[in-house]
Amino acid sequence: MVKKRLYLELENCIGCRSCLAACTQCGGHEQRNRNYVYDVNPLKNRQTMPLMCLHCVNPACARSCPAQAIQIHETGAVLSALVEKCIGCQNCTIACPYGIPKFDTEQNLMYKCDLCIDRTKDGIPPMCASVCPSNTLQWLTDEEIEAKQKQFNLDNGKWVTSMPYLEGETNVRVNLPGILQGVTKLF
Amino acid sequence: MESTIQSAKKRDNTVNNAFASHFAKSMFLTVVGLAILVFIGTRMFTHIDLNLYGYMVGTITFLGGFFYRFISWGERPPTKIIIKKGLKLLFRKSTAKTAVSHLAIYDFIKKRGFYRWMQHILIGWGCVLACLVTFPLVFSWMYFNMDGNGYYTVVLMGVDLVRIKADGIIAWFSYNALNISAIMVITGVCMALYRRMKNMQARAEQKFMYDFLPLYMLLFISVTGLLLTVQNVFLHGWMQPQMSLIHQFSVIVTLIYLPFGKLAHIPFRPMSVLARNYREHYGEQHMKECKVCGDKFVSVEQSNDVIQVLGTNNMEFNMEDGFNLAELCLPCRRKYRIARFSGFATHQVKVKEANQNARG
Ligand code: SF4
Ligand code: SF4
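Protein chains in written order, with this note's numbering: chain A, -17 to 169; chain B, 15 to 374.
FYI, nobody ran anything at the bench for these hints, they're computed from the structure. A virtual CB, placed ideally from N, CA and C, is assigned to each residue, including glycine. You can take every hint at face value.
Cut-off 25 Å, straight-line C-alpha distance, at most; resulting in silico cross-link-like pairs (DSS-like, lysine-lysine):
1. A:K67 <-> B:K276
2. B:K212 <-> A:K67
3. A:K67 <-> B:K94
4. A:K(-15) <-> A:K103
5. A:K67 <-> B:K125
6. A:K103 <-> B:K221
7. B:K99 <-> A:K67
8. B:K366 <-> A:K26
9. A:K67 <-> B:K98
Okay, the calculated bits of chain A under chain B, using three or more residues with CB under 8 Å as the criterion:
10. 66 to 76
11. 89 to 99
So here's chain A without its partners, still in its complex pose (with noise of 0.2 Å):
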């Protein structure tokens, strides 16, 4: 099986939220999403970006969680709170540098994007992926991640697949190719 990874184009976002609703259909999701989508700029136009978890290299919420809680899936990719685990103590949502993982209260339960594991670790997309209508949200292998920086040759040399743009290396890689190239799509 090809490692694939969850592969983002944040400026192609049309804001039609398909990806909070499909979310909460993934199994072990309980009806929640776990994703996020936000506007750019509220107050002057439609721009949209999708948020979700990177699925660290090195997680903070999994290094700050005093019950071990959350777990790294051999893909890589790192999980909701064991449910047996999870003291409610809230240190990860503290932790995250994106401030992904949502908690329950009422539950005492914190419950974060998993990468909807039980499809990911069969090769199937993770839910938000396989919907989004606008190939913001895609899931490639890193051969094709990589056609893609050709396809984006930036003469400037500002190619964005994560890194040094976020706080840690991720699983997830995050692109604009569009505002880099100076392309006014948007804004």
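For this one, chain A is given, so just place chain B with the ligands on it according to the hints.
What follows is chain B with the ligands alone, placed relative to chain A:
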């Protein structure tokens, strides 16, 4: 380079030293404590029930495994903080209430689903009941003295507690406590197994060693325990000594397994009370204001603790804009991330974050 390796080694060593001594100390104190309790309970070792000897060995092995796990776990920086600060706050007024809600009636599990809560009540309280009966008998903290005229004397910790009628209701409950607990556990385990087999989601996630093995072990214990009663009542004790050995074996194996698999959450669960105290206490003292919007979102103490824990992992999220990411409330932190992507200061726009919940 060399020096970093050396200093890493050194640190390793001190951790290991502390670990070994912690372990030895806890183990020693507990075993001595047990021995003293047995000494008192058995009126200076005059009433030991050696049939139950296997359980004693099992318990001690369990303690070894438990301390090993607990201490290596407690050495992790975030765990250490919660344990240390949580224990200091143990005598808060709310502790009793939180403990009952978290450890006795499992309110939070009810919110996760009634079926799972039922399972927990049956298995949890079935096991507690069984332990409350078994271990005092094993260590002879409690035993029954036959008076000869239809009465038993219950002896607790060497003190004659009450005299009960041998065919009375209290006696009936005492004889049958283990049967009742076995039926509770069997019902709960069957509910759990049914869910695991029927629910497609549970099926996708489960692993035999982690999810099924503990259930089968509990089932094995309860069934062999019940069979003992059946042999006694209906079969005049036929094959009872053998079954008794099998039952003891099942309990001992489970005790040894307990600190390592899924059941490990039982001894570790009281941590949730410490965590709640920690959040409540420091939350009342001083709340952190978000560096962007000013919302109070977490206690200053916890924010600092998390920053410090991340520091020990060489993670520092200090931004050029003059704050640490742990000082932003969650919506502002997410908007700040969007701002870093787009180059437009989304977090500075004074608009509440749009609804992020797909279900409205
Ligand atoms: S983005 Fe946040 S929640 Fe996701 S792995 Fe990293 S620290 Fe954890
Ligand atoms: S809330 Fe749960 S998952 Fe998050 S750090 Fe605390 S124990 Fe770990």
